Structures are given as C-alpha cells and as structure tokens.
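Participant: Each chain, letter by letter, is given below.
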Amino acid sequence: MHATGRSWGRYPVTTEKVITLSDRHAPLPTSDVPMLPLGNARSYGDSCLNDGGILLATRGLDHYMAFDPATGVLTCESGVLFSDILDLVVPQGWFLPVTPGTRFVTVGGAIANDVHGKNHHRAGSFGHHVLALELLRTDGTRMRCSPDENTEWFDATIGGLGLTGVITWATIQLRRVAGPWMSTESHRFTNLDEFFALSRESDRDYEYTVSWIDCAAKGNALGRGLFSRGNHAPASPDRRPAAPARRLAMPLTPPFSLVNPLSLRAFNQLYYHRQRKPVVHATTHYAPFFYPLDGITQWNRMYGPRGFLQYQCVVPPEASEATMAELVRTIAAGGGGSFLAVLKQFGDRPSRGLLSFPRPGATLALDFPNGGAPTFALLDRLDAIVDGVGGAVYPAKDARMSGERFRRYFPRWEAFTRFIDPGMSSSFWRRVME
Amino acid sequence: MQRVLIIGATSAIAEATARIYAERGSRLHLVARTPARLDTIVEDLRIRGAADVGRDALDINDLTRHEAVLDAAWTALGNVDVVLVAHGTLPDQKACEASVETAMAEFATNATSTIALLTLLANRMERAGRGTIAVISSVAGDRGRASNYLYGSAKAAVSTFLGGLRQRLSKRGVDIVTIKPGFVDTPMTRDFKKGALWAKPDAVAAGIVKAVDKGTPVVYLPWFWFAIMTVIRAIPEFIFKRVSL
Ligand SMILES: Cc1cc2nc3c(=O)[nH]c(=O)nc-3n(C[C@H](O)[C@H](O)[C@H](O)COP(=O)(O)OP(=O)(O)OC[C@H]3O[C@@H](n4cnc5c(N)ncnc54)[C@H](O)[C@@H]3O)c2cc1C
Ligand SMILES: NC(=O)c1ccc[n+]([C@@H]2O[C@H](COP(=O)([O-])OP(=O)(O)OC[C@H]3O[C@@H](n4cnc5c(N)ncnc54)[C@H](OP(=O)(O)O)[C@@H]3O)[C@@H](O)[C@H]2O)c1
Numbered sequence: 001m002h003a004t005g006r007s008w009g010r011y012p013v014t015t016e017k018v019i020t021l022s023d024r025h026a027p028l029p030t031s032d033v034p035m036l037p038l039g040n041a042r043s044y045g046d047s048c049l050n051d052g053g054i055l056l057a058t059r060g061l062d063h064y065m066a067f068d069p070a071t072g073v074l075t076c077e078s079g080v081l082f083s084d085i086l087d088l089v090v091p092q093g094w095f096l097p098v099t100p101g102t103r104f105v106t107v108g109g110a111i112a113n114d115v116h117g118k119n120h121h122r123a124g125s126f127g128h129h130v131l132a133l134e135l136l137r138t139d140g141t142r143m144r145c146s147p148d149e150n151t152e153w154f155d156a157t158i159g160g161l162g163l164t165g166v167i168t169w170a171t172i173q174l175r176r177v178a179g180p181w182m183s184t185e186s187h188r189f190t191n192l193d194e195f196f197a198l199s200r201e202s203d204r205d206y207e208y209t210v211s212w213i214d215c216a217a218k219g220n221a222l223g224r225g226l227f228s229r230g231n232h233a234p235a236s237p238d239r240r241p242a243a244p245a246r247r248l249a250m251p252l253t254p255p256f257s258l259v260n261p262l263s264l265r266a267f268n269q270l271y272y273h274r275q276r277k278p279v280v281h282a283t284t285h286y287a288p289f290f291y292p293l294d295g296i297t298q299w300n301r302m303y304g305p306r307g308f309l310q311y312q313c314v315v316p317p318e319a320s321e322a323t324m325a326e327l328v329r330t331i332a333a334g335g336g337g338s339f340l341a342v343l344k345q346f347g348d349r350p351s352r353g354l355l356s357f358p359r360p361g362a363t364l365a366l367d368f369p370n371g372g373a374p375t376f377a378l379l380d381r382l383d384a385i386v387d388g389v390g391g392a393v394y395p396a397k398d399a400r401m402s403g404e405r406f407r408r409y410f411p412r413w414e415a416f417t418r419f420i421d422p423g424m425s426s427s428f429w430r431r432v433m434e
Numbered sequence: 001m002q003r004v005l006i007i008g009a010t011s012a013i014a015e016a017t018a019r020i021y022a023e024r025g026s027r028l029h030l031v032a033r034t035p036a037r038l039d040t041i042v043e044d045l046r047i048r049g050a051a052d053v054g055r056d057a058l059d060i061n062d063l064t065r066h067e068a069v070l071d072a073a074w075t076a077l078g079n080v081d082v083v084l085v086a087h088g089t090l091p092d093q094k095a096c097e098a099s100v101e102t103a104m105a106e107f108a109t110n111a112t113s114t115i116a117l118l119t120l121l122a123n124r125m126e127r128a129g130r131g132t133i134a135v136i137s138s139v140a141g142d143r144g145r146a147s148n149y150l151y152g153s154a155k156a157a158v159s160t161f162l163g164g165l166r167q168r169l170s171k172r173g174v175d176i177v178t179i180k181p182g183f184v185d186t187p188m189t190r191d192f193k194k195g196a197l198w199a200k201p202d203a204v205a206a207g208i209v210k211a212v213d214k215g216t217p218v219v220y221l222p223w224f225w226f227a228i229m230t231v232i233r234a235i236p237e238f239i240f241k242r243v244s245l
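Which chain is which? The protein sequence lines are A and B, in order.
Here the first sequence is numbered in our numbering, starting from 1 and rising by one per residue.
Here the second sequence is numbered in our numbering, starting from 1 and rising by one per residue.
Chain A on its own, in the form it takes in the complex (with noise of 0.2 Å):
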C-alpha cells in the first residue's frame, strides 16, 4: 500500500509504501529500495519519513513478553506504546524510569531517538534504561544487544535513527511509583537569569524540572516565563488531586495556520499571567503533568496544511546563559514567536548512542509555523548560534538543518555509519549525507 508519509510537523510531505510489520519471527522483506523502521510517526521532520522507499511500520509488534511487578522489569516488541505500558503497570506500582513529553510514542522510536524527558538531570536518557535488545537485520542477522553484549551495536542503535536495524523487543527497568499522583509547583520568574537560579536550585531536591518560556514577549518581559518542578506523591495524597481534563480533538486541518503572530502574543501573555501567584502548588494525576498536549487528540493539525517546524537545540554550560538570550533575542526579533517553547537543563550523565542528542547544558525547544524562507532564515540564524558555541540541534524534531552541521553536532557520525545496515536509510539520512 503506497502512502502520503507525514511527520507529527506535517512537513515535510513524502510517499512511501508502507509494509506492517506483525511477527517478531519473521525475517524482514526483501527490498530494492531503502527501508526504515517506523513507530508512531511522533518525530517532527523527516527523521521517520523514507521517501520513495519503505516504512517498516512496527506497531504491530505490540505484545508483551514477560514482566516482573516484583523488580520491574519489562520486556516488550518494539511497538509498543508507552501510553499501553502505563496503563499496565502504573497500578502495580511502577512508571517509565524517562519520557518524553507524549507517551504516543512506541518503545522502538524512544530508543532510535535516545529520548529525554523532565528528569534528565536524574535519569539520563531511555538509552540508559534499556538492559536488553534485539536487532534484526535486512540480511536476516539477529543479535541481542546490550551493555555487555554486542555493545557496540546497542550504543550504535540508541539514537540510531532506525538506520541500524529493526529493533525487535527491548527489556526495560522501569522505576518504583506508590501511585499516579504528582506532587508540583509552579514558579514564575521574570527573566533568564531567575530561570537558571531556579534550576540549580530544584535540580538536588525535584526528580522532574522543565520550563516555559514566553517567546513572544520582549524587552523587559524578555525570558519570563513559568518554571514547573515535581515529584512522584505518595500513594494517598495530601492534597486532593484535580480532576483530569476532558480530552478534547482538532477534528480537521484548519485552511491556514491558525497560529501566526497576534495569536501567539496572546497565548503567551494569558498563558504568563494565568497564573496569578508567584507559586502554586498542586497534586496532579501524571498525565497532565507529563502529557499536557496529550489532551488535544491531533493538534498539530492548527498549524494548517503547511505544517510546522520544531527546533530543539542543546548548548554546552559554560555557554548556557549567554547563549539562551540570544536565541529567545533573536526568536523575539524575528516576531514569528513560538507557542510552546520548553527550556530544561539537561545533566552531566554521557548519552550511551553515538548519535545520541543529549549532552550537558541547557536545551531549548520550539515551534515554528511553517512560513517558507523566513522561517528557514530565522532557524539559519539559531543553527549559527547554535553550531557557534559547539551545541547540537535534535534529528527528532528536524528537517532542514544542513548536513555540514549535522556532523559537527555529531561528531561520532563517521564511526556510526559502520553499523548501518545496508538495507535501510531515511529521508533525513540523505539529507544530512549530501
């Protein structure tokens, strides 16, 4: 079945044919065009996308193959989501040990993405989470793949952008919960300099630290925004918990993006001053915690049939507070804004992948409309600055950053192309080879 391919960004817009896969059993087709595994398509760009070749699609490798309540140890097929295995063992008391922040995603593509989540500066990245894997290889090869087996194929395969194999199942350690409940605060801060205080203060004492940063404002109100920490609560509360919110759908793709300048100003100033206090503090069930976005079913369709652009980039510390006003300057001055943009810092644990993005210092996400040239202009200029200080932009949440910087931001690219296998590539790989 040949179909029109989209990212969760809807940009860029590819055609492939797309194969299910559904027995871990079976070897994978054979092909003369380039396959890639796929999971649930929530990378942004083209990272997931194969144009002109094949999506392996893995969600029907959803079965569970053993778990333990007593250590927490799951091990499962690759498509399985992480919505799924919160629901199985939440109430057994245990939780995902990192998430990123839509549990839409399956257990193959957080590990192909060495996804992060709130607690970086605790957990590290998936990849260190993962005690086991297989990989299955368009020659038939199998191999189990861990810290102490085939290790260079697992640390080439955490972040390995699907381009190593098909990752069949995975054994995960999951981390003791006595409950659903989240114990948070919210701080307000005015500017950058409140937000990296903040930081350092919550990173000892809160498992989960992340902010919001109002990208519209400027001037004075420059780098305000909303600084969010929490904790797993114990298994009864103190305080009563809210109820959890109605999940609400964007039925259709609006004509146009009905984010653009004087809606995003808007968003941002009722989003900064909805919060009256300077703290609050909350008992919350861990969806809205986690998964805020998760409440509107398809909202990335309100950016209209265009789609939209995320930029992530991570900039080492030394740099950090320097280079995070320029950036939130120059977002401003280019008056395209962003709706969402999340600031962490991320910790001092190495990333397993070669071609894993987190490393230390602070990280900065953010959504783009898609304008055409100015757009791609503004984001240009962010890689500069960006590539300037030595970061690194996320192929999860990319489909423009040049291949040139690809590979200064991945400098472990060369030793990562021994262990593709020969039979996959993506569209975002022959980009960034180019």
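Everything labelled a hint here was simulated from the structure, so no lab data went into it.
Any given hint could turn out to be false.
Just the calculated beta-carbon pair ranges, DEER-fashion [as the list claims (entries may be wrong)]:
{"no.": "1", "chain 1": "B", "residue 1": "I239", "chain 2": "A", "residue 2": "V18", "range": "31 to 39 Å"}
{"no.": "2", "chain 1": "B", "residue 1": "K193", "chain 2": "A", "residue 2": "P411", "range": "41 to 49 Å"}
{"no.": "3", "chain 1": "A", "residue 1": "A3", "chain 2": "B", "residue 2": "P35", "range": "28 to 36 Å"}
{"no.": "4", "chain 1": "A", "residue 1": "S263", "chain 2": "B", "residue 2": "V231", "range": "42 to 50 Å"}
{"no.": "5", "chain 1": "B", "residue 1": "T89", "chain 2": "A", "residue 2": "V18", "range": "21 to 29 Å"}
{"no.": "6", "chain 1": "B", "residue 1": "T230", "chain 2": "A", "residue 2": "H281", "range": "54 to 62 Å"}
{"no.": "7", "chain 1": "B", "residue 1": "R33", "chain 2": "A", "residue 2": "M143", "range": "24 to 32 Å"}
{"no.": "8", "chain 1": "A", "residue 1": "P292", "chain 2": "B", "residue 2": "T230", "range": "39 to 47 Å"}
Straight-line Cα separation of at most 30 Å, DSSO-like style, residue types lysine-lysine; simulated pairs [unchecked claim]:
{"no.": "9", "chain 1": "B", "residue 1": "K194", "chain 2": "A", "residue 2": "K17"}
{"no.": "10", "chain 1": "B", "residue 1": "K193", "chain 2": "A", "residue 2": "K17"}
{"no.": "11", "chain 1": "B", "residue 1": "K194", "chain 2": "B", "residue 2": "K210"}
{"no.": "12", "chain 1": "B", "residue 1": "K94", "chain 2": "B", "residue 2": "K200"}
{"no.": "13", "chain 1": "A", "residue 1": "K17", "chain 2": "B", "residue 2": "K94"}
{"no.": "14", "chain 1": "A", "residue 1": "K17", "chain 2": "B", "residue 2": "K200"}
Just so it is clear, the structure is predicted and the values come from calculations on it, not from any experiment.
We put the beta carbon where it would ideally sit given N, CA and C, even for glycine.
Chain A is fixed; fit chain B with the ligands onto it per the hints.
Facilitator: Only chain B with the ligands this time, still in chain A's reference frame:
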C-alpha cells in the same frame, strides 16, 4: 470471572478481543492453526491480566478433531461462559470462479467448518443452560456482490444458521451473537487501500465485548454499517445487478 473460549485466536480481531477479556482478569482458552503465533499471544495476555491462558492447535477444516478440541477446552476452563468464533479467510473471488476446488475449499473454511463446530458447541451450551456464542460473520453476507460473493455466501450461510440457532437456544438461556464487521484493518485486508470507512481491530473488539455482555442478537461494527447495509439491501435487484460493488 468469565471463562472465554476463542476459536481462530490468532485473528487480529480475536486477539484484540482477547486483550479486553484479559484486562478484565478472565480465564482464556485459545484455539488456532499456527502454534508459533499463539505462543506470543498467550504470553502477552498473561501479562495483560488474564487469570490463565490455555491453548490448543486446530485446522478448522479438520472436522474430526472438533469434538476433542472442545473436550480439552471444557476440561481446561471447567465451564465456558463465552465462545468467540473468529477464524476466516478472504478468498480471491476470481480464483473461486476459475476453480470448483478452490471455491469449495474456501466455502468449507468460512461456512461448513463453522457450522460443524457450532453444531457441537450448541449442544454443549444447551446442556449447560447458559453462556454466549458469538460468531464473526460479515456485512458481506447481507447481499451477494460480484467482487466477493463466494465469501459473501459463506457468511450468509453462517448468519442464517445463527438466526435459527438463536431461536432454538433462546429458550435455553444461551445467547447467540452475530457480529457483522464492515471493513477492518487486519492482515486479511492488508493489500486494500484504506479509507474513512475502515475501522481498527480494537474498536471492533470493544463492540464485540459490549454485544456479548448485553447479549445483542445481531451487531454491525462500527454501527454505521447498519445504515449502509439497510440501504444496500433495499436496492431492487434489477438495479443492483448493474451496480459494480
Ligand atoms: C508532543 C510531543 C512531545 C515530545 N517531547 C519530547 C521530549 O520531551 N523528549 C524527546 O526526546 N522527544 C520528544 N518528542 C519526540 C518523540 O519522543 C520522538 O520523536 C520519538 O522517537 C517518537 O517515537 P515514535 O514511536 O513515534 O517513532 P517514530 O517517530 O515513528 O520514529 C522515530 C525514529 O525511530 C526509528 N524507529 C522506530 N521504531 C523502530 C524500531 N522498532 N527499530 C528501529 N528503529 C525504530 C525510526 O526509524 C525513526 O528514525 C516529542 C514529540 C511530540 C509529538
Ligand atoms: N478484516 C475485515 O475487514 C473483516 C470484515 C468482516 C468480517 N471479518 C471476519 O473477521 C474474522 C477475523 O478476521 P480478521 O480480520 O481478524 O483477519 P485475520 O487476522 O487474517 O484472521 C483470520 C484468522 O483465521 C484463521 N484461519 C484461517 N484459516 C484457518 C483454518 N483453516 N483453520 C484455522 N484457522 C484458520 C487464521 O489463522 P492463521 O493465523 O493460522 O492464518 C487467522 O487467525 C473472520 O471471520 C473474517 O471473515 C473480517
């Protein structure tokens, strides 16, 4: 705790249904043709919460083994509250037109085998005086169409058989549920182009469990197929014969 027997348990729709029963903590007994695929499913259902999962292999066309397979199921489960019959194939209509052998073999898989099995099942459930037999038929059985009338006529046979069985067993405390899915995205329909009318197996499974819980006699899944088939059935034959569907 419900005790559930599933025939054709490796079917995508059956598996999605089994997951719902597993999450409820039911005891399951799965019968399917391909044992290797069954291993994967059994382990998964245990982790999802099934109280216990038994298994057995059966080619449904091996009618001589039906009784033994049911004996084993009853032994494993003690008694049976719900039976789901889900096996099936989607025959190549053109191939069925070209070969009597192919046509009869496909009819056997989709109709004769099911009727044989239901004959034994009906007597067992009648003796128990309780329980539900749910069988996956299809909207395709509602009217013969050029594109798949071998399949359609087999499903029509099953639906009609179930109608009679329902009358017979309704006085005996046994519910008969005829399930008529529309287009479902499963391995059976892998090569079809999917559009807005297509449903996912989990959605159909949820509808199956609901119908079994309520003892709904005939259920179209998703519901809008009831409307579509009402219209299709109402078209007079002299017009219908010229329509290409
Ligand atoms: C709202 C939202 C919030 C997000 N927040 C974060 C965040 O906080 N942190 C973060 O790190 N990311 C975040 N992301 C990005 C997302 O977590 C990653 O892109 C993730 O990898 C998507 O998983 P997926 O299953 O959809 O994989 P896909 O997007 O389908 O694929 C991702 C990559 O994995 C490969 N792949 C998929 N399955 C397999 C397999 N079985 N074997 C081998 N390779 C495979 C693909 O080839 C591709 O290269 C967010 C995304 C969204 C939409
Ligand atoms: N998909 C649709 O659009 C659709 C629509 C209406 C009705 N239905 C009906 O729904 C039911 C389930 O089908 P599905 O969509 O879930 O497709 P599926 O996943 O392809 O399942 C079909 C199942 O039938 C089994 N089977 C086939 N021949 C058999 C035999 N001789 N002996 C034992 N088992 C046999 C297959 O077993 P193996 O795994 O061993 O091959 C497989 O498990 C079928 O009755 C089908 O007619 C489907």
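Participant: Just tell me: holds or violated, for the beta carbon distance of B:T230 and A:H281 against 54 to 62 Å?
Facilitator: Roughly 57 Å apart at Cβ, these two residues keep to the hinted range, so it holds.
Participant: Within 30 Å, alpha carbon to alpha carbon, are A:K17 and B:K94?
Facilitator: holds (26 Å)
Participant: For the pair we were handed, A:K17 and B:K200, check the Cα-Cα distance against 30 Å.
Facilitator: holds (20 Å)
Participant: Determine whether the Cβ-Cβ distance between B:R33 and A:M143 falls within the hinted range of 24 to 32 Å.
Facilitator: Holds, since B:R33 and A:M143 (Cβ atoms, about 31 Å apart) stay within the stated range.
Participant: Note whether the CB distance of B:T89 and A:V18 lies within 21 to 29 Å or breaks it.
Facilitator: holds (23 Å)
Participant: Kindly confirm whether 42 to 50 Å is satisfied by the beta carbon distance between A:S263 and B:V231.
Facilitator: holds (43 Å)
Participant: Could you say whether the range 39 to 47 Å given as a hint is met by the Cβ separation of A:P292 and B:T230?
Facilitator: holds (43 Å)
Participant: A:A3 and B:P35, beta-carbon distance inside 28 to 36 Å?
Facilitator: holds (33 Å)
Participant: Given the range 31 to 39 Å, decide if the beta-carbon distance of B:I239 to A:V18 lies inside it.
Facilitator: Given a distance of about 37 Å, which is inside 31 to 39 Å, the answer is holds.
Participant: Can the suggested window of 41 to 49 Å be confirmed for the beta-carbon pair B:K193 and A:P411?
Facilitator: holds (44 Å)
Participant: Run the distance test for B:K194 versus A:K17: straight-line Cα separation, threshold 30 Å.
Facilitator: holds (13 Å)
Participant: For a C-alpha distance cap of 30 Å, please report whether B:K194 and B:K210 respect it.
Facilitator: Cα-Cα ~25 Å, so holds.
Violated hints for the displayed structure: none, as all numbered hints are satisfied.
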